[in-house]
Amino acid sequence: MNLGTRLGDLAISDSGFVFDPYTGASFTVNATGLHLLRALKDGVIDRAGLLAGLDEAFDVDGADAGRDVDDFLGQLRRYELLPRDFELGASEVTP
Amino acid sequence: MSTVAVTGLNATDNPAPGVAVARALKDADPATRVVGLAYDLLDPGNYAPAWFDDVFLVPYPSQGSDVLRSRLTEILDAVRIDAVLPNLDSELPAFVALEGWLHERGVGTFLPTRQQFDLRSKLHLADLGERAGLPVPETVVLSEPAELYTLHEKLSYPLVIKGVFYGAAVCHSLEDALHAYHDVLAKWGAPVLAQRVIRGKEIDVCAVGDGAGGLLGAVPMRKTLLTDKGKGWAGVAVKDPEALAMTERFMDASDWRGPCEVELIRDEDGKTWLLEINPRFPAWCYMTAAAGANLPWLAARAAMGDTIAPERGFTPGTMFVRISIDQIARLDDYEALATTGSLVDRAHRFQGEDR
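If you read the sequences in order, they're chains W and V.
Residue numbering for the first sequence follows the working numbering, starting at 1 and increasing by one per position.
Residue numbering for the second sequence follows the working numbering, starting at 1 and increasing by one per position.
Here chain W stands alone, though its shape is the one from the complex:
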């Protein structure tokens, strides 16, 4: 599934400051959010890939990590940074 241009065009800084050039809105994310945003932008849109990346970077795994990923994706959908019908796939796809 294509991520759409909104997430793809986000300006993301190392500090976790994120600017949406389409709406002028800005927000901040913590280190795990930053990691997930970058992974999504890089084309990792399968659950296993996102969880493996989190585990490698932050040494977290299991059900909590899965719920956190779902919550975060929900927030991105709510802010229309991801298409409303976006679902994580089973494999890695380039956006």
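Quick caveat, the hints were computed from the structure, so don't treat them as lab data.
Under the rule of at most 20 Å between Cα atoms (straight-line distance), these lysine to any residue pairs were calculated in the SDA-like manner:
| id | chain 1 | residue 1 | chain 2 | residue 2 |
| --- | --- | --- | --- | --- |
| 1 | V | Lys239 | W | Thr5 |
| 2 | V | Lys223 | W | Ala25 |
| 3 | V | Lys271 | W | Arg78 |
| 4 | V | Lys229 | V | Leu185 |
| 5 | V | Lys223 | V | Arg266 |
| 6 | V | Lys271 | W | Tyr79 |
| 7 | V | Lys239 | W | Phe19 |
| 8 | V | Lys201 | W | Tyr22 |
| 9 | V | Lys239 | W | Phe17 |
| 10 | V | Lys239 | W | Phe27 |
| 11 | W | Lys41 | V | Lys239 |
| 12 | V | Lys271 | W | Pro21 |
| 13 | V | Lys223 | W | Phe27 |
| 14 | V | Lys239 | W | Pro21 |
| 15 | V | Lys231 | V | Gly167 |
| 16 | V | Lys231 | W | Thr23 |
| 17 | V | Lys201 | W | Arg77 |
| 18 | V | Lys271 | W | Thr5 |
| 19 | V | Lys239 | V | Gly270 |
| 20 | V | Lys223 | V | Arg322 |
| 21 | V | Lys231 | V | Ala169 |
| 22 | V | Lys223 | W | Tyr79 |
| 23 | V | Lys201 | W | Arg78 |
| 24 | V | Lys223 | W | Val18 |
Model the placement of chain V on the given structure of chain W, informed by the hints.
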């Protein structure tokens, strides 16, 4: 070195665009001589020597084009002016009427025609919207207050009561609407307009049309902070392909020549409506220079007869935040303006103030 005259030097909490335009011209070429044409002795731009090399008081637009021409004749005897950029809605008809005379005197302009000016007026905006394929909120023209009593049959509350030039109030009841009607009528005259309220996010586009249906440059902006009058006090340049496409459709339908501000609103369903076309630069136009598309400079060059390539790039994320400062004014500047109506070539008095 070119000399550009700029009007609209009032810069209060609801500022005119003149100071921003002058600042953008100085940014593009510090050697540009900027002549301020001011309506009031205390217009803040009069006392900003970094942006205005000369200032001349001019008669209020209500006095008509003959009085303006007479004053401009005196000014042109004192300084050479290569182009003039008028920045107020109310003065544009007089400058448009004097365009031929200005050109004879060597003063370039880049203005809409009178027909274009009228086409985008609030009275004709619905027709323009239809012609350009741009949705405009339903509008009713009111010629007498009695029409308010049956207005709910055409528009439901809340609705906006608007003046034909300025002023707007959201009304939730007939009582509100009657009060707003008389208030707007007293301030701005007839007719008064009633318009459906669209709730959503406003997008404003600062744009310059080439006069042949094309767009020379445009920067969309979202306000991020409003004053109590609803005016933008902070904003950010945004990437908005739909707003730019709507601006292009306006240019194509009107052959607009010169600067303008296209006011749009995107409702909760994602539909974008045309609210208004202001026939001059917005007060926030300096941000276009900061964003890499100096639209005042582009308009000034076009007015001076340069061939202009469209300038379509800009940097989204460029922000502005206004500031109110107590600008120190020199008594001798005030005296010169009060006694002679002019402040000529004060560059020699300018000693390194910050731009």
